[in-house]
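Chains as they are written, first to last, in our numbering: chain A, 1 to 274; chain B, 1 to 274; chain C, 1 to 274.
Hints are not guaranteed to be accurate.
One copy or two, it doesn't matter: identical chains are merged, so the pair holds either way.
What the hints assert, rightly or not - Straight-line C-alpha distance at most 25 Å; calculated DSS-like pairs for lysine-lysine:
(1) K259 x K194
(2) K79 x K270
(3) K67 x K79
(4) K259 x K270
(5) K270 x K110
(6) K75 x K194
(7) K259 x K75
(8) K194 x K12
(9) K157 x K10
(10) K79 x K157
(11) K10 x K194
(12) K110 x K12
Hints listed in this document are in silico derivations from the structure and should not be mistaken for laboratory results.
Source: prediction; values computed, not measured.
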Amino acid sequence: MFSTILKNVKIKTPLVHCITNYVTVNDCANILLACGGSPIMADDEDEVEEITSICNALVINIGTLNKRSIQSMMKAGIKANEMNHPVILDPVGAGASALRTSTTFQLMDKIKFSVIRGNISEIKTVAQGSGTTKGVDADISDAITDANLDEAITYAKQLSAKTGAVIAITGAIDIVADSSKAYVIRNGNAMMSKVTGTGCMLTAVIAAFCAANPAQLTEAVAAAVSAMGLCGELAYSRLLNNGGGTSTYRSYIIDEMSKMDETILERGMKIESR
Amino acid sequence: MFSTILKNVKIKTPLVHCITNYVTVNDCANILLACGGSPIMADDEDEVEEITSICNALVINIGTLNKRSIQSMMKAGIKANEMNHPVILDPVGAGASALRTSTTFQLMDKIKFSVIRGNISEIKTVAQGSGTTKGVDADISDAITDANLDEAITYAKQLSAKTGAVIAITGAIDIVADSSKAYVIRNGNAMMSKVTGTGCMLTAVIAAFCAANPAQLTEAVAAAVSAMGLCGELAYSRLLNNGGGTSTYRSYIIDEMSKMDETILERGMKIESR
Amino acid sequence: MFSTILKNVKIKTPLVHCITNYVTVNDCANILLACGGSPIMADDEDEVEEITSICNALVINIGTLNKRSIQSMMKAGIKANEMNHPVILDPVGAGASALRTSTTFQLMDKIKFSVIRGNISEIKTVAQGSGTTKGVDADISDAITDANLDEAITYAKQLSAKTGAVIAITGAIDIVADSSKAYVIRNGNAMMSKVTGTGCMLTAVIAAFCAANPAQLTEAVAAAVSAMGLCGELAYSRLLNNGGGTSTYRSYIIDEMSKMDETILERGMKIESR
Chain A
1 MFSTILKNVK IKTPLVHCIT NYVTVNDCAN ILLACGGSPI MADDEDEVEE
51 ITSICNALVI NIGTLNKRSI QSMMKAGIKA NEMNHPVILD PVGAGASALR
101 TSTTFQLMDK IKFSVIRGNI SEIKTVAQGS GTTKGVDADI SDAITDANLD
151 EAITYAKQLS AKTGAVIAIT GAIDIVADSS KAYVIRNGNA MMSKVTGTGC
201 MLTAVIAAFC AANPAQLTEA VAAAVSAMGL CGELAYSRLL NNGGGTSTYR
251 SYIIDEMSKM DETILERGMK IESR
Chain B
1 MFSTILKNVK IKTPLVHCIT NYVTVNDCAN ILLACGGSPI MADDEDEVEE
51 ITSICNALVI NIGTLNKRSI QSMMKAGIKA NEMNHPVILD PVGAGASALR
101 TSTTFQLMDK IKFSVIRGNI SEIKTVAQGS GTTKGVDADI SDAITDANLD
151 EAITYAKQLS AKTGAVIAIT GAIDIVADSS KAYVIRNGNA MMSKVTGTGC
201 MLTAVIAAFC AANPAQLTEA VAAAVSAMGL CGELAYSRLL NNGGGTSTYR
251 SYIIDEMSKM DETILERGMK IESR
Chain C
1 MFSTILKNVK IKTPLVHCIT NYVTVNDCAN ILLACGGSPI MADDEDEVEE
51 ITSICNALVI NIGTLNKRSI QSMMKAGIKA NEMNHPVILD PVGAGASALR
101 TSTTFQLMDK IKFSVIRGNI SEIKTVAQGS GTTKGVDADI SDAITDANLD
151 EAITYAKQLS AKTGAVIAIT GAIDIVADSS KAYVIRNGNA MMSKVTGTGC
201 MLTAVIAAFC AANPAQLTEA VAAAVSAMGL CGELAYSRLL NNGGGTSTYR
251 SYIIDEMSKM DETILERGMK IESR
């Protein structure tokens, strides 16, 4: 199943409209190309509806939101909903400022999201309207471990039921859940947290996977999360052989996505259904 | 001749003012440094005229245009014209939205461009006022092949006669034309389309080459197009030896530009005059 | 002493708020992570005060300033002053346009900076209100050499006395000075000038080092400057072994920062107290 999901991305080359932050935008574009999609970044209010109309999915990432881009996010999201495109929310830093938190809620109020992906602190903010986000990284006290995993899964399912979106909580252990089922994914490498944008990149990849697999969104998200984690593992193995550091590691992650195929994915996925 | 063009870039270190998109701006700055130029990015209306005055060429790239930057493009372009600096237009995604298409025409109406570089779909939009641009990539049905090459060359020459700009249409086969002559360039590698910004980077390099060779613009553009394609070839050879993917490939393209010299260029150019 | 400074960064993981240019922002985020800090980029007027409040230091980099971001810089800087956070100014291209020069002075008028870092041309503009900045690179006639080093040190000390900020003038020879003492640093490699953003990255690293060592700012700045130069040296050695160019070199610089430890720093620093 999961390998078919990847295959569909490569066959369909989904065009993904990203309204995203300027910190990691280049990596998002490159990993979209690497996974088999095609990126277009456009954030002016006067063109976002038209641009999103020619695309197959929309990413809304609030990493460097501003008054101008918030309006564009709204317009694009509403249009994408009208066209039944998957719309993916990455609430970067929700909880770190009132602007980020309130924008997240305004977006969720006006736009039906197919997927919401964040770290546990961001997702808690989405769920509760408040959080203890420390900047753009998860608060350590929130971390999902084997000890609180069952609780976290229930939490994710409930949030999915409430929002209608597939919920992806990413960290050392990843959870992907809809209202009735969940996947627990244990791919990844701790060094990924030393590279900016691995979360943003994953969100972009999720959009491509969803656009190419609209009938099985939860599995598409799970496959994307697992694929990204696997790239982190494979990149780390390659790094060990040549003494590189975090910047080479960043490149290798994208490299591995560009080399990913069905066999590599099936063999490397560490996923269980819950 | 072409090696002298490259030599002039390295001797003169032209300063290139770029008003460009935030997706590929870092790569544009780095490849400008790599080819022997020097970049400055500035897009506030209150400083673009002054900044462009101290530069030797101006790049206008509409990849993430917005109302604010469009005004800056206008002001900078008019000023650069007054100072007789080469002005290069990269109409990224022209045809994909009314805003991009109309902005392209407004820019062409107020500013005399020395060079317009785009993929075939973008150039068709420039020529006809409408196109079938699929996002920021060329529509496959538009591709230049040996079968329609003569026709495409005539098309490029006519557009150059109409606009007064050297026209560079880039793809698997590249065409560089003024109203009376054309160059067909067969450098490059298919993997370049899997890296975001190879077109934007080329536009920046063209600006440096034109700034350093104002008396032979068509040849300067042809040399830049060929050099960029050659970097794609050399980077690909190097990649084959180490199992990298698209992100390493991106780095290698810029690497090869930084290592390019007259001998490498002369030996590697696949160019014919038509 | 200097190795303790680095150790403090790694122990405290300072969160650094950056209002910076979109050209090199990704590199700034990645090198902050590499050195042991944590980045957050936010530039909307409505959130910068709140964001800076949860951080440990603020970087103001005017590389692609605009009317909107200038207001945000003001608000964030004033707030950071209230909270006694170190505030670092990188006056990119000051002297190249009236907007950059006047903004620099307005910022210095309203905000107390802990550190001002620039090339010699930018620092001269800061000191004199006028300069001969050629774009974003230093004017060659301004270069600090052994012949004018004593004079430059006196100049830096006087500027520090006048502004209350530690002054870091970076180039082939680097000077870090407060009003009473100075460090001369001879780390670095000429190839660093062929990579965009090495100055911006250094400014970000300085912020992390200052945040983790508030009681000895001058030494923190000197350690950061030396560490960055050392990364340039180590990256160059590694590059020689594999035939890479400027883009691989850029990655290696960040790599080396991520591998930097107290031993490497102590052994590699080329610093003298003056």
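Here's how the hints hold up against the structure:
1. With identical chains, the CA atoms of K259 and K194 are at most 25 Å apart both within one copy (22 Å) and between copies (12 Å).
2. Within a single copy, K79 and K270 get their C-alpha atoms no closer than 36 Å, and across copies no closer than 46 Å, so neither meets the 25 Å cut-off.
3. Within a single copy, K67 and K79 get their C-alpha atoms as close as 19 Å, and across copies as close as 21 Å, so both meet the 25 Å cut-off.
4. Taking CA atoms no more than 25 Å apart as the test, K259 paired with K270 passes inside one copy only; the shortest distance there is 19 Å, against 29 Å between copies.
5. In this homomeric assembly, K270 and K110 never come within 25 Å of each other (Cα to Cα): the closest approach is 36 Å inside a single copy and 54 Å across copies.
6. Proximity of K75 to K194 under the C-alpha cut-off of 25 Å is found in neither arrangement, the shortest distances being 34 Å within a copy and 29 Å between copies.
7. Proximity of K259 to K75 under the C-alpha cut-off of 25 Å is found in neither arrangement, the shortest distances being 35 Å within a copy and 44 Å between copies.
8. Within a single copy, K194 and K12 get their C-alpha atoms only as close as 32 Å, which misses the 25 Å cut-off; across copies the closest is 15 Å, which meets it.
9. Neither within a single protomer nor between protomers do K157 and K10 lie at most 25 Å apart by alpha-carbon distance, with minima of 30 Å and 37 Å respectively.
10. Taking identical chains as interchangeable, the C-alpha atoms of K79 and K157 are never at most 25 Å apart, the minima being 27 Å within one chain and 40 Å between chains.
11. For the homomeric pair K10 and K194, the shortest alpha-carbon distance between copies (12 Å) is at most 25 Å, but the shortest distance inside one copy (29 Å) is not.
12. For the homomeric pair K110 and K12, neither the shortest alpha-carbon distance inside one copy (29 Å) nor that between copies (40 Å) is at most 25 Å.
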